[in-house]
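Going down the list, the protein sequences come from chains X and D.
For the first sequence, the positions run 1 to 141 when the numbering used here is used.
For the second sequence, the positions run 1 to 275 when the numbering used here is used.
If you're looking for bench data, these hints aren't it; they were derived computationally from the structure.
Don't take each hint at face value.
[Claimed, not checked] Under the rule of at most 25 angstroms between Cα atoms (straight-line distance), these lysine to aspartate or glutamate pairs were calculated in the DMTMM-like manner:
id, chain 1, residue 1, chain 2, residue 2
1, D, K5, D, D261
2, D, K126, X, E57
3, D, K9, D, E71
4, X, K90, D, D32
5, X, K120, D, D112
6, D, K26, D, E155
7, X, K86, D, D112
8, X, K90, D, E14
9, D, K267, D, D112
It should be emphasised that the depicted structure is a prediction, and the values quoted were computed from it without experimental measurement.
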Amino acid sequence: MNMITRRRAFGIAVGAAAAVGLTACDKGGSAASSASASPNAEASGPALSIPTGGIDEVYEGRRIQITLDPGAHHDGQHMPGMPNIKIDGKELHLMRNADNSWVTVVNHYETFADPISAAKAAVRDLQGANLLPFAPTGGTP
Amino acid sequence: MTVRKSQSKLTAEEKRAFTNALLELKRTGVYDRYVNAHNAFLMSDSDFGDRVGHRAPSFLPWHRRFLLDFEAALQKVDPKVSLPYWDWTVDRTPSSSLWAADFLGGTNRARDGQVLDGPFAYAGGKWAITVGVDARTYLRRTLGAGGAQLPTKDEVNSVLAMPVYDSAPWNSTSGGFRNHLEGWRGPGLHNKVHVWVGGHMASAASPNDPVFWMHHAFIDMLWSEWQRRNPKSAYLPAAPTANVVDFHGKLRPWNDVTPADLMDHRKFYTFDTER
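Build the full structure now, drawing on both the sequences and the hints.
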């Protein structure tokens, strides 16, 4: 695997960054204040945003890649810039909340301020384990 | 009539009967069908689209029906078994008897969160995780690690005092009792307990941990207590509303039951506190 030891700076200029949390939403985005959005999000540092080219970095030995999927459709809603997260090449399913916070399949009962915080929390929980495709079907026990 | 008891009041024999019934459902594959069914809803319930099991007014009736089905499956194995509830406002430490080797087992290993003792320890050969988000096949918990806190009785009482059941936009940003009990707003009740247990309970594959049922049995009990304290408050929305299930709307996946059918738990079971 092509090991990357530090963030690959696609759109490193902060001014050029597209803040996913602010742009990904075209419905219900102002339903709640950002102050109450994410009590469990990482507190360190300023709020991270996703450069327009995406994020590709190594955190605790795991490669985190986040790409924006422009024009994605989710549940019938047009949501430009829906991010996709991969950890060591395996998809980490991500869901956006109406207040623009995020949950993943690894931490489904706490919210994060942005996709990179959610991805890092997942890396910590995985403790080196690989993600599996997680696509439950049906719904009838 | 089924009586649901506090897990702390179960006799040794009742604990054994409950865990044996769980192991039997696991052995026959029935258990993992419930894990899969729950996860399918957790993944598809969306603030931006249809939602029925989570982040929606029907969070409470949906889980009531889901638990009833699961309890019926347990009772097919052993008619004497009922779902115990875990009152985490009282039994709130990793040293609680809930996590002892004769019941659910505990967290014995910080390195990987693996549950090493009790009936659900991987080494026992009867509880391999098959429906999970990652490749680890052993049951995991973290029980309060990283400073996680369980909700307090005062926090529960503050939510039980909220007179309005739910409100627009009927999702994870709503005001009202349901969303505060579910925990997307306010002190974070239901969600916070999932996070405190950690491991599988914190993930989208949460029912892999048998404490899922005991946690939700208590959430269900809190709903009935809210009804008792707020007798004039009704389920909302009362009329058809986009993306969510109103009082007389059909609940998926059953499609033959409505929130109205599930308002009174005494049609199905009572709690030991009501006797």
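Going down the list of hints, with the structure as the test:
{"no.": "1", "hint": "D/K5 <-> D/D261", "in the structure": "holds (23 angstroms)"}
{"no.": "2", "hint": "D/K126 <-> X/E57", "in the structure": "violated (39 angstroms)"}
{"no.": "3", "hint": "D/K9 <-> D/E71", "in the structure": "holds (18 angstroms)"}
{"no.": "4", "hint": "X/K90 <-> D/D32", "in the structure": "holds (23 angstroms)"}
{"no.": "5", "hint": "X/K120 <-> D/D112", "in the structure": "holds (17 angstroms)"}
{"no.": "6", "hint": "D/K26 <-> D/E155", "in the structure": "violated (35 angstroms)"}
{"no.": "7", "hint": "X/K86 <-> D/D112", "in the structure": "holds (22 angstroms)"}
{"no.": "8", "hint": "X/K90 <-> D/E14", "in the structure": "violated (43 angstroms)"}
{"no.": "9", "hint": "D/K267 <-> D/D112", "in the structure": "violated (43 angstroms)"}
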